Amino acid sequence: MIELRTLNVNGHDYPVAVEAGETLLDVLREKLRLTGTKKGCNVGDCGACTVLVDGEPMNSCLLLASSLEGKAITTVEGLARDGELTPLQKAFVGEGAIQCGYCTPGMVTTATALLAHTPAPSTDEIKEALSGNMCRCTGYAGILRAVQRCDCYRGEAGGGKAAGPAEAAPETAAPPAGARHENVGVSIPRVDAADKVTGRALYTADIQLPNMVHGKILGSSVAHGRIRRIDVSRALALEGVLAVITGADVPETTYGVSPARYDEHVLARDKVRHVGDEVAAVAAVDERTAEKALALISVDYEELPAVFDPRAAIADGAPQLHDRYPNNLNTLVDHHFGDVEKGFAESFHVREESFTGNHIYQCPMEPHAAIATWDHDGTLVLYTSTQVPHYVQYMMAHTLHLPLGKIRVIRPAVGGGFGGKAETTPLDFCAALLSRKLGRPVKMVYSRAEMFHHGRGRHKQHMRFKLGVDRAGRIQAFVNENYLDGGAYTSFGVATAYYAGSLMPTLYHIPNYRYLGRRVMTNKPACGAMRGHGVPQPRFAFECLLNMVADDLGIDPIEIRRRNAMDPDTITVNELDVGSCEFKATLAAAREKSGWDGKYGKLPPGKGIGVGSGGFVSGAGYCIYRGQVQLSHEKPREPFQKKAIFPHANAVVRVTEDGMAAILMIGAAEIGQGSDTVLVQMCAEGLGVPAARIRIRSEDSDISPLDLGAYSSRVTLMGGHAVARAGEAVVAKMRPYAAALLGCAETEVVARQARMFPRGNEAHSVAWEEVARRYFNDNGPLVGTGCYKPPEGLGGDYKGAAVGTSPAFSFGTSVCELAVDLETGQVRIERFTDFHDCGTPINPRAVHGQVEGAIVMGASETVLEDVQFDEKGRILNPDLHGYLMMTIKDAPEIFSGIVDSYEPRGPYGAKEIGEGSTLPVLGAVAHAIASATGVWIKDLPITPEKILAALRARKASARAGER
Amino acid sequence: MYIDDIELEEAPTLEEAADALARHAPDVRVLAGGTDLLVDLKTGRVAVGHLVSIRRIEALRGIEETSEGLRIGALTTITALLRSPAIQARYAPLLEAAGRMAAPQIRNVATIGGNICGAVPCADLPPILMTLAASVELWSRAGQRHLPLEAFFTGPRQTVRRHDEVLTAVRVPEPPPGFGAAYARFGLREGNAIAVAAVAAGLRLDGAGTAVEARVVLNAVAPLPKVVDAAARELVGRAPDEAAIARAAVAARQAAQPISDLRGSAGFRRDLVEVMARRALAAAARRARESQA
Ligand SMILES: Cc1cc2nc3c(=O)[nH]c(=O)nc-3n(C[C@H](O)[C@H](O)[C@H](O)COP(=O)(O)OP(=O)(O)OC[C@H]3O[C@@H](n4cnc5c(N)ncnc54)[C@H](O)[C@@H]3O)c2cc1C
Ligand code: FES
Ligand code: FES
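Chains as they are written, first to last, in our numbering: chain L, 1 to 963; chain S, 964 to 1256.
These are computed hints drawn from the structure, not numbers from a lab.
Fair warning: there could be bad hints in the mix.
Using 25 Å as the maximum straight-line C-alpha spacing, the simulated DMTMM-like pairs for lysine to aspartate or glutamate come out as follows [what the hints assert, rightly or not]:
hint, chain 1, residue 1, chain 2, residue 2
1, L, K71, S, E973
2, L, K872, L, E291
3, L, K889, S, E1153
4, L, K31, S, D967
5, L, K593, L, E638
Computed from a predicted structure; not experimentally measured.
Given the sequences, and given the hints that come with them, work out the whole structure.
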C-alpha cells in the first residue's frame, strides 16, 4: 500500500510516496536523500537516527512516515542556518565532541532539543537527555563538555573571539612565541568536524550511485553443518530480485588475514562453521526486496556436532572444524625466554591464578557497508567502510585474481572500527561479484545483528598465570598459559595468539618468561583484532595478579609497579626494543593526581580504588603479508626478511599553482581516531605553513599512495613521518627560489607560518606562496613525496619474533574509583585518573579524546559487555539492548594527563595513544572492585551477579572458618 | 528489518478503530506509539497484515483530574506523565517508574496504553500503577468495560483485552492520607536498560503508624506483574519497621517466579527481588508517614 504524503522536513513540504510500513528514517535517507540521520540499529537502541518532531527528539527508525503529516520534522541538516553552525554545533567542534561522527547527528539533534527546553541544564539533566544516544568513540566526555559549554560559543561568527575551547591552557592555545613547532603540539579542531556535525559527511551507506542495486547475504542457521543443497529458485522468482550467488559462484581461492592461514571462502562451498557463516548473496532492486529474498532461499544442511569451548575443542574426538587444523589447533605458540623454573626456585613468593576473558565485540556505531562497481576498462571500484584500504585491495586482488592496480578502493567517512573493520568483509567480495554479474553498482550494508554474526571481536581467553617475585616484589619469573577461543576461522588469529604473549614483557622487567598460547577453533564467529590486539585480557590478568601479589607481600600496588617498571632503551627478554619510556612518570603522576595515598586501603566498604597499567606498540614492525606489493599468486613463497620490503606509509604533497594551498595525499584510514587531522598538522609543520592551508585526500587509492592502514596504532608514527618528509621535500625544492629572492644561502632558508626567511632574520621574509609560484613558473607542479619504513632488524630470530616489534612503545597508568552496591552487586564507576606516555603529543585534545574513549570502552568491557551464545551456537544478544555498552549515564568522570616524553624514532617525538589507552583500564576496574568488595572476580565481565556470588561464597567460608 | 506487506489505517474515532479491528481480527494490531510494536514487526516477533493507528483519536489524549483522581488517556506519552504537574504533585511514585524507562526519544513516543496493553513482563508502569489501585477502561462497540489493572493481565504478552477493544484510559484514584508508594528497580546499566527485577510497594498507615493496607507487586520476575499477598500479610496490622519489611521482602523473594536469561539467572533475580522489595517498602513507609502529617 503506497500513498502520497506531504512531510514537512526542515521547513519544506515534500510530497513523498510512502509505503504503510516505511519508517521516517528510511524515507529521509532513501527518498529525501537526507543522509545526515544515521541508522545504527534500526530498533530504537542507539539514537543515531534521532530527529525532532515538533521540537521533541524521537527515533526516526521507530516512526512510520505515513503518520507524520502535519508535523514539523527537523533533521541534523536543518539545524545550521544559511551555512552558519549553531552555537551547539560549534561547541561540538571546539570541545572535541566528535570522533568518527556517526553518533554526532543524533547527539547534536537531541541536545538541541534539550537546550531549547532547558537553557542551562545541569550535568545530570544533560546525561539524562542524552542517555538514548550511544557513542563508542568519545567516552561521552567531549560531548558533555560541548553541551555544558555551548554558551561560550554564542555571539559572533566562530563563537566570538572571547569564546573558544575549554581550558585555554597552553596545549589548546597557539604555541608561545619561540616554540619549536607551530602546528604540532596544538589542539586544532578536527579537519572533518564541521562536516560531521552538520550531517554532510558521507559514510558508505550514505552514497547513492546511479542505477545502483542492493545486496544482502544469507547466513547459516546452524553452527556446524555440511551443505547438501541450496535452492535459490524461489528467491530468483521474487519480483525485483536480480541475481543470487552461492558458494558455486565464488572463487575457489580462499582468503583471510594471516598469509599462512587463508581459510575462508567468500561464500561457504561445502561446510558452514558457525551460525551466520555466509552461504548465499542476493541482489535486488532495493534492500527490502533483497532481504525478503533471503527468506526464500532454502538450504538443506546435514547438521554436524559443534563445539563452543576451546578446551573442549582441542580434546581428542572433538568435532573438527577444518581438516587442516588437527584437534582444532589453529596456532600454537611455545616461547621460553630465560629459565622460569630457576626463576620460581629463586622467588620468595609465587602465586598462580586462572582468569577468563569475555567475548567482546567492537560494535562501532556505523555498520559495515560496501558499494562495488566496475569501470568499463575492468577496474573494480570499491567503496568500503574499512580501516585498512590497502589490505582490502590486496585481498580483493588475491581472491578475484586481479592486479592490485585494477582495484580502486575508496574509503568514505568511517563510523568507527576498533579492529572490527580491519579485514576484507563478505560485503566487499559479494558486492564485487554481484556487480560484475549485473553490470550495475551494488550496495551492501550489514544490519546490527549481521555485524555480530560476522564477528572479528576480541578473542575470549582462558588464562592460567603464575608469577614469582622476590621479597621486594621484583618479578623473577612469569608463566602465561593461554587458550584463545578463535571462532571458526583464522582471521587475525595467528597474530593475536602471539600478541597475547609478546607484549607482556614490555611493561615490567621480566627476566624469565614462558608463554604457551593455543588458539583453538570453535563453532562461533571468527575472532579478530580489537583495540589492544590480543593484549587487554592477558594484561587484565597480569595486572590483577600483580596486585594480588602486592597485597600478599604488603607492598603498595603502585610501588610494586615502580619497582618492576621498564626503563628507557631496554631490550626486553623477548628481544623487543623499547626506546623512550616514561612509565615511572605515569605511575607517579597517577598516584599524586588521584590522591591514591589517602585512599587506597582507607575507603569504607563499597568504595574502591584500583590501579592498572598498560602499553602498546606504535605500529607493527612488519607488514601483515610478505614480499612486495604484488598479487600473491605471482610471488614466490617468500622467506621472512628482517626488514620492511617497501615503505609502510607514503605521502605526496602537491602545492596548488597559486601556492595558497597544499593537497596532502596519503592512503591512511581516518576512521574517527583523528588521523587526517594529525597528519595535516605534521605535514604543515614540514611545509612551514599553517594547517589551515592543507587539504587532505586520504580516501581514494587512485589519488593517495599506499599506507597500511589504521591498525596496531601505527598511523601517527608512520604516517606522520611520511607526511612530514613529503612537506620537507617540497620545501627543499623551494629553497633555491627562496634563497634567490632573499639573497641568502639555500641552507639558510627557513619556512614558517607561510613565510620564508633566512635563519634568524624573520623580519626579512618572502611569502611562501610567492616562492611556490616561482617554482611552478619554471618547473610545473610543485610536488614532494615522503615515505616511512620501520627500522631494519627489529625483533629476535625465534619463530614469531616479528609480532610485538615496533619502532616505539607507549606506557600508561590508570587509577579507577568506584562504588559497589554490596546488596545488588551494582558497580558505579565514578572516576578515572589516567596518565600516558604517548611520546610528544601532536594534538593533545585528540590524545585526551582517545583516552576518554578507551576508558569508557574498557570499563564497559570490564563490567558489562559479553556476546552470549546458546547451546546451539546462536548469539543471544546480537543487538544493542542485549549487548550492553555504557551510556553517558554510566560513563565515569575522567582526568587524562600526558607525561613529558620524547621518542627519537617518532615524528616530532610522537608515539601512539589509540590502542595503548585501553590496556590499563580493565585491570584498574577489577582492582577497584576487589578493593570495594574484598573479593577478586577473575572472569570477565565482572557482573553484579558474579560479585554477589563471590560475596556470598566469602561469607560462607568465613562462617565455616568460625566453626 | 523492514515492515512489509502491511496496511495502516488511521482511525479518526474510537468507533472506526473498533470497526477496523473487528474487521481484520485476528490479523491486526492497535498502533499507539509503536515503540514496542514496530520493533516486534521489524524483528518478526509479530507478523500481522493490518495496523490500526489510534493516534488521531483526540479522546485518548490528556490527563484529566476528576473527583475520584486521575484519568490518564491511553495515548499519554511517558514524557507527558513526567511533565504533568498533577502527577508530580500527588502521584510521584509513578514518576519513579516512568523516569527510569528507556530514553527520552522513546519516552517522547511511548504511551501508557502501549506499556500496559503490550503486557511485556518487564514493563515498568503496570506494577506501580497496581500499587496505586489503578484501573483501565476498555472500549468496544459492545460497550465500555472498567476493570482493575491486576485483572487485565493473563500471561506474558497476554491480556483479557478482546481484539476489537481499545484501552481508552487508565484511572488512578486519589491516594488516601497515610498512603505512600515507591518503585525500586534494578537494571544492568544506568541509562536505557530494561528492568532485570523491580518491585513496586504501596502502604497505608493509620494514625498510629500501623499499616492498614499493603501491596507489593513484582516486576520482570514472573509471567505477569505479580501481586504478593504474603508480603502484604507480613505488614498489615503492624508498624512497617525494619524487621517487618525484611520479612515481607523474604516473602516477595519466595513468590517470585523468575527465569534465567542473558540478563541474569533466576537465583540472582530472586536476590534482587528481596533487596528491591526492602528498598521499595522502606521508601513507601517513609512516604506514608510523611503523608500522614
Ligand atoms: C529502546 C527501547 C527501550 C525500552 N525500554 C523500556 C523500559 O525501560 N521500560 C518499559 O516498560 N518499556 C520499555 N520499552 C518498551 C516500550 O517503549 C513501552 O512499553 C511503551 O510504553 C509502549 O508504548 P507504545 O505506545 O509505543 O506501544 P505500541 O508499540 O504502539 O503498542 C504496544 C502493544 O500494545 C497494543 N496497544 C497499544 N495501545 C493500545 C491501546 N490503547 N489499546 C489496545 N491496545 C493497545 C499494541 O497493539 C501493541 O500490541 C522500550 C522500548 C524500546 C524500543
Ligand atoms: S537507528 Fe534508530 S535508534 Fe538506532
Ligand atoms: S563519535 Fe560517537 S560513535 Fe564515533
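Worksheet item: Does L:K71 pair with S:E973 here, judged by a C-alpha cut-off of 25 Å?
Response: The hint holds at about 15 Å.
Discussion item. With the threshold set at 25 Å, check whether the alpha-carbon distance from L:K31 to S:D967 stays at or below it.
Written reply: 17 Å, holds
Item to complete: Verify the proposed pairing of L:K889 with S:E1153, using a straight-line Cα cut of 25 Å.
Response: With Cα atoms ~6 Å apart, L:K889 and S:E1153 stay inside 25 Å; holds.
Worksheet item: Within 25 Å, alpha carbon to alpha carbon, are L:K593 and L:E638?
Response: Since the Cα atoms of L:K593 and L:E638 sit roughly 51 Å apart, the hinted pair is violated (cutoff 25 Å).
Worksheet item: Would the pair L:K872 and L:E291 pass a check requiring their Cα atoms to be no farther apart than 25 Å?
Response: Answer holds: L:K872 to L:E291 is near 24 Å, not above 25 Å.
Checked against the numbered hints listed earlier, the structure breaks hint 5 alone; every other hint is satisfied.
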